[in-house]
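Trainee: Assembling the complex is the task here: the two chains are given apart, and the hints tell you how they should meet.
Note that the protein sequences, when read in sequence, are chains A and B. Here the first sequence is numbered in this note's numbering, starting from 1 and rising by one per residue. Here the second sequence is numbered in this note's numbering, starting from 1 and rising by one per residue.
In short, the hints are calculated from the structure, not lab data. Glycine included, each C-beta is placed from N, C-alpha and C at the ideal position. Check each hint, because a few of them may be wrong.
Unchecked claim - In silico DSS-like cross-links for lysine-lysine, where the CA-CA straight-line distance does not exceed 25 Å:
#, chain 1, residue 1, chain 2, residue 2
1, B, K169, A, K28
2, A, K26, A, K233
3, B, K31, A, K26
4, A, K233, A, K32
5, A, K32, B, K25
6, A, K233, A, K28
7, A, K32, B, K31
8, B, K169, A, K26
Said to hold, decoys possible - Covered, in the sense of this in silico footprint (three residues per stretch, anywhere, with C-beta under 8 Å from a C-beta of chain A), are these stretches of chain B:
#, region
9, 16–28
10, 200–208
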Amino acid sequence: MMQLVSYHIQLVVIFLIIVAVVQLLKRKGLFKDEFQEVFDRLVTEFALPVVIFSSLVAMTFRVEWIFHTAIFLSALTICALVIYACCRLLRLPRKTTGALILVGTFGSTSTLGAPLISAVYGAESMAMTEGLVEGLLAIAIPISTAGILVAAYFGADEGAAGVGLPAAVRKFLFTPIFVAFAIGFALSLLLSSFHLGGAEIFAGVFQGFFEVLQQSLELLVWIAVGLMLRPPKAKTFLPLLGLVVLVKMVLQPVLVLTGASAAGLPDLSQDILLIEAAVPSGAIAAVIADRYGCDGRIAAALVVATYLVSLVTFPLIAFVIG
Amino acid sequence: MDQISLFLQSVAIFFVLVLFIQVLKWQGIFKDSHQPVFNRLITELILPATIFSTVAASTIRAEQIIGAGIMLGSVLTCCFLAYLACRALRFSSRLTGSVVLLSGFGSTSTMAYPLMSQTFGPGSEGMIFGIMVGELGVCIPGLTIGVLIAAYFGSRDEKKRPDLLQIVKNFLHSPLFIALILGLAVSQIPPASALMQTWFAETLFGYFAHGLEILVAISVGLMLRPVQIRLLLPVFAVIVSLKMLLQPALVLLGAGIAGFPDLYTMILVIEASMPSGAVATIVANRYGCDGATASTMVIATYLIGLVTIPFISLVMI
Chain A
1 MMQLVSYHIQ
11 LVVIFLIIVA
21 VVQLLKRKGL
31 FKDEFQEVFD
41 RLVTEFALPV
51 VIFSSLVAMT
61 FRVEWIFHTA
71 IFLSALTICA
81 LVIYACCRLL
91 RLPRKTTGAL
101 ILVGTFGSTS
111 TLGAPLISAV
121 YGAESMAMTE
131 GLVEGLLAIA
141 IPISTAGILV
151 AAYFGADEGA
161 AGVGLPAAVR
171 KFLFTPIFVA
181 FAIGFALSLL
191 LSSFHLGGAE
201 IFAGVFQGFF
211 EVLQQSLELL
221 VWIAVGLMLR
231 PPKAKTFLPL
241 LGLVVLVKMV
251 LQPVLVLTGA
261 SAAGLPDLSQ
271 DILLIEAAVP
281 SGAIAAVIAD
291 RYGCDGRIAA
301 ALVVATYLVS
311 LVTFPLIAFV
321 IG
Chain B
1 MDQISLFLQS
11 VAIFFVLVLF
21 IQVLKWQGIF
31 KDSHQPVFNR
41 LITELILPAT
51 IFSTVAASTI
61 RAEQIIGAGI
71 MLGSVLTCCF
81 LAYLACRALR
91 FSSRLTGSVV
101 LLSGFGSTST
111 MAYPLMSQTF
121 GPGSEGMIFG
131 IMVGELGVCI
141 PGLTIGVLIA
151 AYFGSRDEKK
161 RPDLLQIVKN
171 FLHSPLFIAL
181 ILGLAVSQIP
191 PASALMQTWF
201 AETLFGYFAH
211 GLEILVAISV
221 GLMLRPVQIR
231 LLLPVFAVIV
241 SLKMLLQPAL
251 VLLGAGIAGF
261 PDLYTMILVI
271 EASMPSGAVA
281 TIVANRYGCD
291 GATASTMVIA
301 TYLIGLVTIP
311 FISLVMI
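Here chain B stands alone, though its shape is the one from the complex (with noise of 0.2 Å):
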């Protein structure tokens, strides 16, 4: 029962951590207007920063390309499908945009990794699958193909045809993506990936790392704002049953069928069994979807995620 106590807490603090931006903002001391402040921040800064210095000192594996093969699959089927039911109950193009990201992508380093450390122990083969996996799989997927579906999606509603090209360029030239190349050059340099394990790198991107859930924290509270009532049970039962209960079947099978050992399988099934992404909501806020339903949306995956995760952790454990 360890990890779903550590569950429990981790989505109690997010809630309160929430909430606490929401007293702060009734008090004046924030307004809505500071919101692209964070959203900028976690975006240009934080997370690039983040993916660079995970990247760079990572050693790719076979196991964990694979492991992280059947997570981007079933990422990208569930994405596939929410665009389809999108498109059956004819939401806005804003909207969808949010539904698919959030449909698909999921709170990987903000709720599964803490979990993992706790479980497996930090520094474990678990918890390096898991990280692994979680990045190829989840992370770097939604900052690059998230972006695009974001901007793709953000766009349509102002241009009748989306440009396609400068959304790719804009991508290409986006700190995210540069991180990620940056990263990936320097892992292959054995010389400078040894550098980024050093006190210095650790401290220096350490600080940007233990930035991060209190920024998005932040930056979910700004956002949350009172939506149409009469739209929200639609998104809330197609990102429910696709992100929490189809993923993480979907991972289940792949990791049967990949023939993996019962505690990749494990890794593969919580990761998948999170919560949306509360990065993705700032993704998709960033590129013109609909951010405040996606916030709203996230509050709720966490909430509904109290009664399907520790169900999902009990069955697989």
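With the rest of the complex left out, here is chain A (with noise of 0.2 Å):
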């Protein structure tokens, strides 16, 4: 337990020097607000597709994590309503409504989870295979399709037409990075079935290239939310805080944990999606929501908060895990 809370904090810290350095560069002038919209583009339509892609094709699976992973997004989706309906009751804009919904929904599983998983169990236990499934199908899928879709949606200037889910759909898998992807995975097969010369070095360059992509994410999504960072005003800023931390970080893990022990899964399991659960606000969340014409500022002043709100509830997580 007490390794767990201990890595936990370290990462917290880490980030948060992360975003420190970047607001002091800001207010050195070394960067401008107009910085930002390229690192959410870059977040948003270069990063974030590699990560799953590579992701997808590295994915050693079992039948047994869908199940997990349905407990996991039927928690998602409990939470995100219930957030809509604060938000509704409350009558808060479209855009906060929409971060909102992202922040209060998403957690920093990949930025989190996954190294907290990994620092504890080992990076090659079978418990960081589950935990980076279920992460990318619960978590990184959902966001890149749903929560664009739901950024989008919300984000859109009252009277301007939506995103449809065709549209998103069509747009998506015809970024640069998919076809690239689609292209070196069919040329990688090829190659590799009728093991033609040259077919190592091909698959060396495919996975080096999603690697060194999928290594700068992390980076790239904290200087996006350092860009975005401004201090909120505490009256507006805390009910909305407190909205997101209580369902966010005690609902989600209380209804994860509900869902594990009625399903009667493992112990490992459970702690698994628990930890998954626990973790703040997702960093990539605030970027897509900034992308999509939600109210960025919002969310990245929430996702920083529910990281130190995190220092506190995070330890009693590990308390119930033990």
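Mentor: Okay, structure coming up:
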């Protein structure tokens, strides 16, 4: 338990340091507000799809993990609906509602969840593989599809045409990175299936290209968050933070734990799901919110605030895990 | 042949990354105006963090200093010869700055380190020697002397007499120099240096190190644009002959005179035979030199490296 808490604190401090450094450089005039858009695009249209594609290719899969993922996804859906209902009750603007749904639903599974599971259970362990698969299926893919749709829907100006699902899927499937992935993957299969010369080099280039991008994602995301961040007004911010903390960091772990216990999942699987549900709001969710017109500043402030709050809530979860 | 295959892979990955940025640029996702963002990010944040963490966690030994001295001597000789060639060819100051930088400073961290890691193994004697020689002989001089060179030539076209005092003052206040000094200070305090090898420090600085390659590729990709063909051939000839042929020969000579064992000689030659540094291109562009030609030349030296580096590796090994 102490090991889990210790790694969690260190990771939170690391990301806060990166955000603080970016803020410092921004205050010194080295970064400007217009840089924000560049990083938003880099994350959403370049690095994020790469991470999903390369994770899918390398995925080791077990059928029972679909069931675990379904429990996680159900908890996420309930959280999203609760946040939406609260926003309606509070009559919050659409752009704020979109930002709250994203950061109140999607957590930092790749930023915090995966490194924590890796540090505690080992990078090569089955727990790590399970954590990665569930994080991919329950968070990464939904946030890149449903998350973008939610952001685009709530981020669109009043009266403007929304983004339909077919259009969003079509756009996603024709991004340069997806086309490259599809061609590269097909060529890689072709070369290795027919034992053609150069198959090894091609596979090395193909994997290396995606590895370079994958490894850079976290830094790009945190730079984007650092650029987005503005000191919020306490009076309006604190109720929003309270809502997100209650839903994302209390309700979501409770729902996941209840579902996992009711389904009789093994202890290890329950622990993994609990860790992934208990992590603070996802930095990528804030970047997506900003990219598609929702209130990015609120989203970024909420992400950083939930990281701070997790210094109190996560040890309690670790205590439950034992 | 392993290291040759890895080199070919590294070159290909870099090309694919650059090509991708070009595609995204054509699609309007990236614009020319975005380039300074990445230049600043690299020179003001990522590289200082990488330099600090590398230097702070290092223990400097005599043979590493000698190796770095040999490397630095060859780099400065190539820079000086490049300057003479530019004067003879009457290149502009901005172009001269770029040619001088690219003729001396190679892709040590982006190309040589992965190659050595694969060849000798991470954490091996060869790898440690290679990193120290690369940092002390190429990277740190490139980010200190290289910045001064870039600032000097980059400002000459605008002012008749470059304000050297101001350039030095700016350099002393630059994050790169501050990172170097801080890193050296920390490396001399054992408890602080040990702290740099903890999981926390390695994870924190690992994020910056992992981001370097992609950000450099993005910056080069955005920098790349059409340049005057007439100018390219002489520029290309100067850079290739100095950086990729003369520099390996010079370090081979230096290692022979120093009586280095085969392992150290091999590492020196591998590092010297690297293509021109993408980071040098960013420094050149950041400080007012000809960034467009520099980025084209980096790509060109990577291409020619496909032939020269396997050849040099085969001869050495």
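Trainee: It remains to establish, for every hint, whether it holds in the given structure.
Mentor: Quick rundown of the hints versus the structure:
{"no.": "1", "hint": "B:K169 - A:K28", "verdict": "holds (18 Å)"}
{"no.": "2", "hint": "A:K26 - A:K233", "verdict": "holds (20 Å)"}
{"no.": "3", "hint": "B:K31 - A:K26", "verdict": "holds (21 Å)"}
{"no.": "4", "hint": "A:K233 - A:K32", "verdict": "holds (22 Å)"}
{"no.": "5", "hint": "A:K32 - B:K25", "verdict": "holds (21 Å)"}
{"no.": "6", "hint": "A:K233 - A:K28", "verdict": "holds (23 Å)"}
{"no.": "7", "hint": "A:K32 - B:K31", "verdict": "holds (16 Å)"}
{"no.": "8", "hint": "B:K169 - A:K26", "verdict": "holds (22 Å)"}
{"no.": "9", "hint": "16–28", "verdict": "holds (count 6)"}
{"no.": "10", "hint": "200–208", "verdict": "holds (count 5)"}
Of the hints listed earlier, there is not a single one the structure fails to meet.
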